[in-house]
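Here's the letter readout for the chains.
Number of protein chains: 2
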Amino acid sequence: MIAELTAACADLVTDPDLLVSYQRDEADLCDSAPPLAVARPRTTEEVAGLLRVAAAHRIPVVPQGARTGLAGGANASANALVVSLTGMDRILDVDPANRTATVQAGVVNSALREAVREHGLTYPPDPGSWESSTIGGNVATNAGGMCCVKYGVTTEYVLGLTVVLADGEVLRCGRRTAKGVAGYDLARLFVGSEGTLGVITEVTVKLRPQAEPALTLVAEFPSVAKAGEAVSAITAAGLTPSLLELIDRTMLRALEAYRPMGLDTGVQALLLAAADTGPRAQADLEKIAQCCGDAEVYVATDAAEADALLTARRNAHPALEHLAATTFGDGGAVVVDDVAVPRSRLADLVEGVERIGERTGVIVATVGHAGDGNLHPNIIIDRTDPASLAAGRRAFDDIMALGLELGGTVTGEHGVGLLKRDWLERELGPVGLRVHHAIKAALDPHGILNPGKVIAPAVDSPA
Amino acid sequence: MIAELTAACADLVTDPDLLVSYQRDEADLCDSAPPLAVARPRTTEEVAGLLRVAAAHRIPVVPQGARTGLAGGANASANALVVSLTGMDRILDVDPANRTATVQAGVVNSALREAVREHGLTYPPDPGSWESSTIGGNVATNAGGMCCVKYGVTTEYVLGLTVVLADGEVLRCGRRTAKGVAGYDLARLFVGSEGTLGVITEVTVKLRPQAEPALTLVAEFPSVAKAGEAVSAITAAGLTPSLLELIDRTMLRALEAYRPMGLDTGVQALLLAAADTGPRAQADLEKIAQCCGDAEVYVATDAAEADALLTARRNAHPALEHLAATTFGDGGAVVVDDVAVPRSRLADLVEGVERIGERTGVIVATVGHAGDGNLHPNIIIDRTDPASLAAGRRAFDDIMALGLELGGTVTGEHGVGLLKRDWLERELGPVGLRVHHAIKAALDPHGILNPGKVIAPAVDSPA
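Just so you know, the protein sequences line up as chains A and B, in that order.
By our numbering, the letter at position 441 of the first sequence is numbered 441, and the numbering carries on one by one without gaps.
By our numbering, the letter at position 32 of the second sequence is numbered 32, and the numbering carries on one by one without gaps.
A portion of the hints provided could be inaccurate.
In this list, chains with the same sequence are indistinguishable; a pair is considered to hold if it fits within one copy or across any two.
Derived pair list, reagent style BS3-like, types lysine-lysine, alpha-carbon separation capped at 30 Å [what the hints assert, rightly or not]:
| id | residue 1 | residue 2 |
| --- | --- | --- |
| 1 | 206 | 226 |
| 2 | 287 | 226 |
| 3 | 150 | 287 |
| 4 | 150 | 206 |
| 5 | 226 | 150 |
Hints were generated in silico from the structure; no laboratory data involved.
Build out the structure end to end from the sequences listed, making use of the hints.
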């Protein structure tokens, strides 16, 4: 079998010391194991060859990009073949006349941006991991980011895909045209399917003209409820900021402890907002400031100051790691949660999360995309302490339940992976789950594609 | 069986005189027959009851909205139950704080716009039929329109759906939040599936703040190639007009013959363009004018003049009917084609279509969404003359082949229905077709949902 895999893809890793490094993504609390082997293909044809071997031998296949995921979607199991797409890093085409680019799945998000910048174009979706995560991974998880409040998430930018199916056949779906309705929207079925329906090897994306420089402000609120009201007021005023981020008190303190910025850690919540509306940006920012009511508002006076504010926001993850380490030492861990609610329920969500933290006795630091109603409550635990782990798990479950109760979803942008499979079932309900299983069975009848991710294997699954 | 159907939905039409009027949509050249019965449900539960009866008796089900489709997707057959959704016309919820609305499938596009206007919001997708077509039909066909060049097509606005599945189960998929990645993107799988995967009964759409008043221009070109160059130049300049429509010479003459506007019918092509970018609209329109090179450019000096230009464009369909009737009398018919190519190939498409018209000896009048590379070559035939019909069919096929050859798609926004099933197979290729059949079988194992539309029944289909 290894010989067959090597024949399909010469770059096949079986050295146990190396296999360990392909074991998991960045999610805590998810099972993983070193895989059987890791293939590092360079072409769609190599991926197809690998899948044909895997199909013949019923070997589970786990596609991986940069493993920056936060839900265990790329975690390996002991009997699995990992297909690492990071070596497929060629930008195949940039077409300024049609505002499209076609790339191999392993191209890093920031590399694509860099490549199209000279044409005055950009690829908007900006997940926190944009300097390391791959377009293939972004597509497989339908990644979001900070600019999505104005510019939308990954799926809005996917025009066409090349996908290797479970039997090794190569599907080209979608299009290169601005519009098209020829048949089912297969491309968007693969977007966000987390490698469970096929292995994405090439992506044609839509590009946009570069946004104009943004003006940025920060508003300090005496209560989370006031920050939530400001977000609602901004929406109600018909404004579309290019960024609208919320940072709660715990998160703010973690940021200041990690890299002091001189932010007032006495406030209960911060909103970061930006406007990139060209000649009207100044006026829009003033209207945003007005929507913030009594909050103290500081407008960044130059690009350097604005960058500093955004850098603070972008430091959220290392700041949380720092907080976990300083609180719990080596056992410290961060469970990054991800829940989205209707914008109007944002304050209810933040306040509810605070109450959950108090009730369960765990530290929860919240940051997120307020303008989308999409927040990341980060749960800080000591993974070496069973009581802390159990309390963290309770907080996690309570946050999921709260999100659903508020009319929301258990994942706004990080995906289901292994972490949220049970909660997905609750969100989908029995009919939705049945349709998921029917589609999975239609595209992957033997259940070899990233098994156990997103949905549990069907009871009668042969795999 | 009729008794069972009546028990499921009291408003069941079986009067042959009435059945005839539910026989077909607006597509020419597609088979149709009066159905067995027409059910006019008012609730999702009634639709579910109808589908349970249909599933038990293997009755083909043809969902219908306003039957304004142009591909035969809503055409009935003699053994079919038509489920007409036009009676499900309630707007269930308008939520300005979250910029969403939830409507029953039979709500007319313009009624939704009207209902959200008082909140300063709009629902952008504007198919030509917007004053009569339903949101359910728009979603089932992923309808486009004139504003899509800036604001995107229907699928960009669909957040959540209620769908009655082939077995009568009710699926709620998608979400009410701005973002969400919980499981497969089922909502977008149903968008554009033309009633072949389920019957859409309720839709939650995303709304946008109303656009600002647009400034409009018309540019007259001495050749189609020059108009195509202008479209490319507008894209290359990073401009995003809110409307960018092309009218060729034959279409222009038809418009003038129908409702004289004083447009110069000596020119080879017109572009209509608009900018709604607020304080910069004037500057953007000037840049658009510059991109038109040597063309004669007329800027509408007031809203009335701009409206008149758009009305001329909106009159395309009646003007073509008029042309067909004046040319061929009662036998005159218009086959509305719909092809999209990469924007950079637009001029090649228009010129190729002209050559096809000359070669086949049929009148072809072209109009369409130049900014999206999506054109409607309209073929004028005499349906009572077999030679004219055959020539029209040849022109139609040659235009499809040309679209694919230019890297395009056989349907930009009208859908596949019955009209383009063979061409869809060509566009998809064997792997894509196989995946379509697998998904159809997963969701409609007995093939009762709008059978024969989009894809031919599978060879081993039990229906």
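**Request:** Hint by hint, work out which the structure violates, then give me just those numbers in ascending order.
**Result:** Of the numbered hints, all hold.
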